[in-house]
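Novice: All chains, full assembly: derive it from the sequences and hints.
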Amino acid sequence: MADLENTLDDSIIICKDVHKWFDDFHVLKGITTAFKKGEKVVICGPSGSGKSTFIRTINRLEIHQRGRIIVDGIELSDDLRNIDRIRQEVGMVFQQFNLFPHLSVLQNVTLSPIWVKKLSKSEAESEALALLERVGIEEQAHKFPAQISGGQQQRVAIARALAMQPKIMLFDEPTSALDPEMINEVLDVMRELAASGMTMLVVTHEMGFAREVADRVIFMDEGAIVEEAAPGVFFDNPQNERTQLFISQTLQH
Amino acid sequence: MEEQAPSPVMKPPTKSKGILRWTKENLFNTWYNALFTLLAVVFLYVVFKGLLTWAFTEANWGVIPANLQIFLVGAYPKDEIWRVWIVIYTLGLLLGLSAGIWGGLALRLALVIGGVGGGVGIILAFFPAALSNRFGLLGGVALLAGSLFLGRGRKELRLWVLGGWLLSFPWTMIWLHGFAGLPTVFTSNWGGLLLTLILAAVGIVVSFPLGVLLALGRRSNLPAIKWFSTAYIETVRGVPLVTILFMAQIMVPIFLPDFRLDKILRAMLGITLFSAAYMAENVRGGLQAIPKGQHEAAHALGLNYPLTMLLIVLPQALRSVIPAIVGQFISLFKDTSLVTVIGLLDLLGIAKTVIANPDWLGLQAEVYLFAAAIYFVFSYSMSYISQRIEDALGVG
Chain V
204 MADLENTLDD SIIICKDVHK WFDDFHVLKG ITTAFKKGEK VVICGPSGSG
254 KSTFIRTINR LEIHQRGRII VDGIELSDDL RNIDRIRQEV GMVFQQFNLF
304 PHLSVLQNVT LSPIWVKKLS KSEAESEALA LLERVGIEEQ AHKFPAQISG
354 GQQQRVAIAR ALAMQPKIML FDEPTSALDP EMINEVLDVM RELAASGMTM
404 LVVTHEMGFA REVADRVIFM DEGAIVEEAA PGVFFDNPQN ERTQLFISQT
454 LQH
Chain X
1426 MEEQAPSPVM KPPTKSKGIL RWTKENLFNT WYNALFTLLA VVFLYVVFKG
1476 LLTWAFTEAN WGVIPANLQI FLVGAYPKDE IWRVWIVIYT LGLLLGLSAG
1526 IWGGLALRLA LVIGGVGGGV GIILAFFPAA LSNRFGLLGG VALLAGSLFL
1576 GRGRKELRLW VLGGWLLSFP WTMIWLHGFA GLPTVFTSNW GGLLLTLILA
1626 AVGIVVSFPL GVLLALGRRS NLPAIKWFST AYIETVRGVP LVTILFMAQI
1676 MVPIFLPDFR LDKILRAMLG ITLFSAAYMA ENVRGGLQAI PKGQHEAAHA
1726 LGLNYPLTML LIVLPQALRS VIPAIVGQFI SLFKDTSLVT VIGLLDLLGI
1776 AKTVIANPDW LGLQAEVYLF AAAIYFVFSY SMSYISQRIE DALGVG
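Listed in order, the protein sequences are those of chains V and X. 204 is the number of the first residue of the first sequence in the working numbering; add one for each residue after it. 1426 is the number of the first residue of the second sequence in the working numbering; add one for each residue after it.
Keep in mind that the hints were calculated from the coordinates and are not lab data. Among the hints, a few may not be true.
What the hints assert, rightly or not - For lysine-lysine, the following BS3-like pairs were computed, each having C-alpha atoms within a straight-line distance of at most 30 angstroms:
| no. | chain 1 | residue 1 | chain 2 | residue 2 |
| --- | --- | --- | --- | --- |
| 1 | V | Lys321 | X | Lys1580 |
| 2 | X | Lys1580 | V | Lys370 |
| 3 | V | Lys219 | X | Lys1717 |
Claimed, not checked - Distance ranges between label pairs, derived from CB positions:
| no. | chain 1 | residue 1 | chain 2 | residue 2 | range |
| --- | --- | --- | --- | --- | --- |
| 4 | X | Met1435 | V | Gly435 | 57 to 63 angstroms |
| 5 | X | Leu1638 | V | Gly435 | 56 to 62 angstroms |
| 6 | V | Glu278 | X | Pro1648 | 22 to 28 angstroms |
| 7 | X | Leu1622 | V | Phe228 | 54 to 60 angstroms |
| 8 | V | Glu278 | X | Leu1530 | 45 to 51 angstroms |
| 9 | V | His408 | X | Ala1714 | 29 to 35 angstroms |
| 10 | X | Arg1662 | V | Glu395 | 52 to 58 angstroms |
| 11 | X | Ala1714 | V | Gln452 | 34 to 40 angstroms |
| 12 | V | Glu431 | X | Leu1638 | 54 to 60 angstroms |
| 13 | X | Tyr1514 | V | Gly339 | 53 to 59 angstroms |
| 14 | V | Glu395 | X | Gln1713 | 28 to 34 angstroms |
| 15 | X | Gly1528 | V | Gln452 | 54 to 60 angstroms |
| 16 | V | Gly435 | X | Pro1433 | 55 to 61 angstroms |
| 17 | V | Phe228 | X | Gln1713 | 37 to 43 angstroms |
Stated by the list, open to error - A few chain V residues facing chain X, derived, Cβ under 10 angstroms:
| no. | residue |
| --- | --- |
| 18 | Glu292 |
| 19 | Gly294 |
| 20 | Gln298 |
| 21 | Pro304 |
Even for Gly, the Cβ is constructed at its ideal location relative to N, Cα and C.
Specialist: Structural data, given as structure tokens:
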């Protein structure tokens, strides 16, 4: 175990035999994998396969009960200082956006830089406006989340996560709650982010996005990784029959 | 420009109707509604005829101005009443400055208090005999308005004003009690509206943060804190306020004979600790309504527990329970009248002593109506302010 860090030293996230239970229900059954710096990985699988739970263990929104997770050299443990450090390096985008409804778009983005990174208000605001411009909604900066569309809200959520200058971005089904005509505006932002070299872990059902952007696709079922491969291999020549079934079902519509 | 015929923009149909039309549509639209309307008119006539006849012909309102000072400050010595005015002016100054600097809630408070104070001040000005300083209240309102004007946009004064508010309680206490050569006025002489307001203000200001902490404690993951908060809340909610006041008054001196605490302080303590338990349950209702995703998003951004609560959860939770919280403030204000059972003469206690005065025998109705009117003015002001806050925040 001690040489785990050394053998995979170009990895920014290392997961070794990660287990998790919800009461008696075994959600994650020994996940072992690693993610390289700058790698874009799409995680897919049927609902209930544990894919969301898995990426939520990486910034400890879910606590794993066995195994090890090391993020950028910091091991996730009960040590609160480690958790705080990791959360500053890992940004997360949620299915339901989870913007703060009582704060304006700009305040949503500047909140954490001001209070956690102790930036001055003017510094945080100029950085936030630059990020909002990057995701294409700088003109909405002074509106409240309820006043903008779902696609715009999700782009604000991405800008909010980027404002902490994370090394890793986690996306938990970022387009699943969106109306169809808004999915692309969010995927475009994610494509741009991927091109900029960000390490990205994306749980999604958007197989077109996976094929186009991912370096690797992980297929999970019943709490375990069933198959992982480059998208070309994964989609055109899947090895496992559960993967084959899943791909044939998702590509039908 | 003229070619672009805009699609016609129509105004919504006007809703205002003539008073006759409104009456017909709402009061006489069916035969049974017409009947109920007539019955209601007869009922109101019977009730109010008696009341108004009594109020304008039989009632002896002289009891109010003659005892006004007692109603307002109890047995506080006449020669020392200027110290009460100093306290009122200090608070007026602070409130005016706060309203000017922050606007919002402080401004609303200042407007309501200034409005009510101005109205009462004008009435007082017509009763030269009632108070030694019949223009005092109008002076206070003028000071409030002046400091509001001076404070506008003066952000640099913020820390001074906050410090002023923090010091306002000890400041009030030492002026009322006396210091450095000023004759001491023992708290047993404090009474009337003055005592009611002190008890209510301290109760509201202290029980609110205490209630928030207890609510957070009850939802804590730490078993000791959760257990303590729950036990505290449930114990206090299971006991009547009168019992708590008696315990503070009688039991504490028995169990802790060396521990001399002022009677009024003990009453404050009882009221505050009692109200905090109810406040906690109101706040907890708001906390439970905040979706889990809000906590998760805050944690994912690196905010720790205190920052998550302070910046994300509490602002949303509190604004959704403003009506319940203000309701608790109002009942605390009215519950202060229970301190008569431990021998404190608050507004209601003073009313009873006035009635017992042989000079004013048989004037219960006048005196109680006057006391009720004062309670109503304060309670309704709180309710009104809370409605304005809700409008401003776009809730409710």
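Novice: Hints first: check each against the structure and report whether it holds.
Specialist: The hints, checked one at a time:
Proposed proximity of V:Lys321 and X:Lys1580 is supported: the alpha carbons are some 22 angstroms apart, at most 30 angstroms. At roughly 39 angstroms between alpha-carbon atoms, X:Lys1580 and V:Lys370 are farther apart than 30 angstroms, so this suggested pair is violated. Distance check on the hinted pair: V:Lys219 and X:Lys1717 sit about 28 angstroms apart at the alpha-carbon level, within 30 angstroms; holds. Between X:Met1435 and V:Gly435 the Cβ separation comes to about 60 angstroms, which falls inside the hinted range of 57 to 63 angstroms.
With their beta carbons about 58 angstroms apart, X:Leu1638 and V:Gly435 fall inside the hinted range of 56 to 62 angstroms. For V:Glu278 paired with X:Pro1648, a C-beta distance near 27 angstroms keeps the hint of 22 to 28 angstroms intact. Taking 54 to 60 angstroms as the suggested C-beta distance range, the pair X:Leu1622 and V:Phe228 conforms, at roughly 58 angstroms. The beta-carbon spacing between V:Glu278 and X:Leu1530, approximately 47 angstroms, falls within the hinted interval of 45 to 51 angstroms.
Between V:His408 and X:Ala1714 the beta carbon distance is about 31 angstroms. The supplied range of 29 to 35 angstroms therefore holds. Checked against the hint of 52 to 58 angstroms, the pair X:Arg1662 and V:Glu395 passes, with Cβ atoms roughly 56 angstroms apart. For X:Ala1714 and V:Gln452, the hinted distance range of 34 to 40 angstroms is satisfied, since their beta carbons lie about 38 angstroms from each other. The supplied range of 54 to 60 angstroms is broken by V:Glu431 and X:Leu1638, whose beta-carbon atoms lie about 48 angstroms from each other.
Checked against the hint of 53 to 59 angstroms, the pair X:Tyr1514 and V:Gly339 passes, with Cβ atoms roughly 56 angstroms apart. Taking 28 to 34 angstroms as the suggested C-beta distance range, the pair V:Glu395 and X:Gln1713 does not conform, at roughly 39 angstroms. Remark: the range hint 54 to 60 angstroms for X:Gly1528 to V:Gln452 is upheld by a beta-carbon distance near 58 angstroms. Between V:Gly435 and X:Pro1433 the Cβ separation comes to about 59 angstroms, which falls inside the hinted range of 55 to 61 angstroms.
For the pair V:Phe228 and X:Gln1713, the beta carbons lie near 25 angstroms from each other, so the given range of 37 to 43 angstroms is not met. Of the supplied interface hints, the one on V:Glu292 holds, with its beta-carbon coming within about 9 angstroms of a beta-carbon of chain X, less than 10 angstroms. Taking 10 angstroms as the C-beta contact cut-off toward chain X, the hint placing V:Gly294 at the interface holds, the least distance being around 7 angstroms. Evaluation of the V:Gln298 hint against chain X yields a held restraint, the C-beta minimum of about 9 angstroms falling below 10 angstroms.
The criterion of a C-beta within 10 angstroms of any C-beta in chain X is met by V:Pro304, whose closest approach is roughly 7 angstroms, and the hint holds.
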